[in-house]
Structures are given as structure tokens and as C-alpha cells.
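Just remember that this note's numbering sits 63 ahead of the position in the sequence shown, which is counted from 1.
What the hints contain is simulated information worked out from the structure, not anything from laboratory work. All values derive from a computational prediction rather than experimental measurement. Watch out, some of these pointers could steer you wrong.
Computed cross-link-like contacts, EDC-like style, restricted to lysine to aspartate or glutamate with a CA-CA straight-line distance of at most 16 Å [stated by the list, open to error]:
| hint | residue 1 | residue 2 |
| --- | --- | --- |
| 1 | Lys-164 | Glu-225 |
| 2 | Lys-164 | Asp-191 |
| 3 | Lys-219 | Glu-311 |
| 4 | Lys-322 | Glu-311 |
| 5 | Lys-164 | Glu-307 |
| 6 | Lys-203 | Asp-153 |
| 7 | Lys-263 | Glu-225 |
| 8 | Lys-219 | Glu-276 |
| 9 | Lys-203 | Glu-311 |
| 10 | Lys-263 | Glu-276 |
| 11 | Lys-125 | Glu-90 |
| 12 | Lys-164 | Asp-270 |
| 13 | Lys-263 | Asp-224 |
| 14 | Lys-164 | Asp-198 |
| 15 | Lys-209 | Asp-198 |
| 16 | Lys-209 | Glu-225 |
| 17 | Lys-164 | Glu-311 |
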Amino acid sequence: MSRPVLFFDSGLGGLTVLREARLLLPERRFVYVADDAGFPYGAWEEDALLTRLLSLFEVLLKAHDPEAVVIACNTAFTLAGAALRVRFPDTRFVGTVPAIKPAAERTQSGLISVLATPGTVRRAYTRDLIRSFADRCAVKLVGSEKLAICAEAFLKRQVVDEAVLRAEISPCFVTSDDGQTDIVVLACTHYPFLAGLFRKLAPWPVDWLDPAEAIARQLRRVVPDVPFDADAHFADQAVFTSGEVSPELARLLSGFGLKRPQSLKFF
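Sequences and hints are given; from them, build the entire structure.
Pasting the structure below:
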């Protein structure tokens, strides 16, 4: 049996990337790890979160020996990506960063907003991306403490207050003498699950830029082909650091091809 690809996120948002990866890597099996005991990451202090991530990956890499790891979380990768590569030099890491470069290439008005967690907004990494790729654009960083939580609730078929969503996305919409915002970068993998509601609630149409497909393409570039084994996919699993996997959550995960939810108690 081939080595798996490990997906990592604070919660369920990385499933948006896993969905795309399955299309491009049909021969691979997957392990999806949700650090739901630490969710949400956006409000964590940087040193504490970095320590947690390094400790958690010591456990995960030994347990699963992955072919590659996708950090399907902007907050985690912009903070810990470099440190993870130094600590685990033999592991291929594919990161998730705000899609500022493609946004700058596509915008017509030059007005871009980046909708992210507060942690991603604070990162020097994010501001370096703006300086490197969007220095001729007006980029507004919008940090939300609520949207990732709303996305998790939406996935679990709980009621989501549209007034809350509208208030969270409204700062993204800017007008100036040159025009108005035409691209909003979804800089948290949870947010694409809410994209339909965002379109409904937006004051005008914009391109909601989801990086999931680009991340999956990068994964395909770095992971070698292996012979397809249909039986291997019965071993696909999800792991939750809270140690809690409800029947409802197990049913949700089965829709993403993750048929063996497990728990990993981690503090």
C-alpha cells in the first residue's frame, strides 16, 4: 500500500482542498487531520500556536509516515511553514497562503480585499506577499473572528445568521475614484463553504478567489504517481485531536471519502 497524503487544518476547512486533490490524485489515499481541540486558530498567540503545531507534527509524522503534507490552513502555514520545513527536512510540505498574486493578476479595478482570520491578517508573511505581488494594487486586509466558526456550523447543517455574515464581509467592499473592489481573496480554507451565501449577501458581484484548485495542482507536481489501488481508499481516515467524533460528523466526513474517523487526544 502506498504512503498517504496527510491534510492538516484546524477544523473542517481543509476539506475544500481535499475535494480538489481527490480529482488530481485519484490513486492516492488520504489522512485528514483536524486540530479541532485547538480550533479556531485565528485568535491564538503566535508563540503558543507555533509550539503546538511543532509538537503535534512530531506525533502525526511518526504515526502516518506521509508521502507529503498539505497544510490546508493559511493561519497555520503562514506562521509555521518555515519552521516545519526546518524541523522535518525529509517531509514534503505544500502550504496554503493568501492568493494575492493571482488576485493582482486578475483585478481590473486594482482594488482587492483579503478576507482572512485575524492571525493571517497579522502575519508579516501576508504583508510580504502584498509587497511582492500587489504593490500596484490597493489591498485591504479584513480579519474575521467569526467566519470560520460559521463555516463549521454551516457544514454541520446548523443555522447561520446571515446578518452576521453580512457584517463580517462588508468591510471587503471598497469604492474609490478608480472603481470598486472586484476581487475578494478567500484566505481561509473554511470560507469557500460559505461562498454561495457571500454572493447572495454581497453589495455587488465580485470574484471570490478560492485557492483550493491551485493547492491541489501544486500537490500533484510534488507527489509521484503510484499504481491505482481501489482497495486502498477504504483506508482513508480522518483524525480529530479533541478525541470526539460524533455520528453526525462521521456522516459528513463520509461524503468526502473519509470512512474511518478516528480520534487523537492531544493537549
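Quick rundown of the hints versus the structure:
1. Lys-164 to Glu-225: Answer violated: Lys-164 to Glu-225 is near 30 Å, above 16 Å.
2. Lys-164 to Asp-191: OK: Lys-164 and Asp-191 at ~11 Å, within 16 Å.
3. Lys-219 to Glu-311: 8 Å, holds
4. Lys-322 to Glu-311: It holds: about 13 Å lies between the C-alpha atoms, which stays within 16 Å.
5. Lys-164 to Glu-307: Given that 16 Å is the threshold and the Cα spacing comes to 38 Å, the pair is violated.
6. Lys-203 to Asp-153: Not OK: Lys-203 and Asp-153 at ~37 Å, beyond 16 Å, violated.
7. Lys-263 to Glu-225: Satisfied, since the Cα-Cα distance of roughly 10 Å is no more than 16 Å.
8. Lys-219 to Glu-276: Cα-Cα ~23 Å, so violated.
9. Lys-203 to Glu-311: 38 Å, violated
10. Lys-263 to Glu-276: 23 Å, violated
11. Lys-125 to Glu-90: Violated. Lys-125 to Glu-90 sits at ~23 Å, over the 16 Å cutoff.
12. Lys-164 to Asp-270: 14 Å, holds
13. Lys-263 to Asp-224: 13 Å, holds
14. Lys-164 to Asp-198: Holds, because 10 Å separates the two Cα atoms, which is no more than 16 Å.
15. Lys-209 to Asp-198: 29 Å, violated
16. Lys-209 to Glu-225: Holds: Lys-209 and Glu-225 sit about 12 Å apart, inside 16 Å.
17. Lys-164 to Glu-311: 38 Å, violated
The structure fails hints 1, 5, 6, 8, 9, 10, 11, 15 and 17 (numbered hints given earlier, in ascending order).
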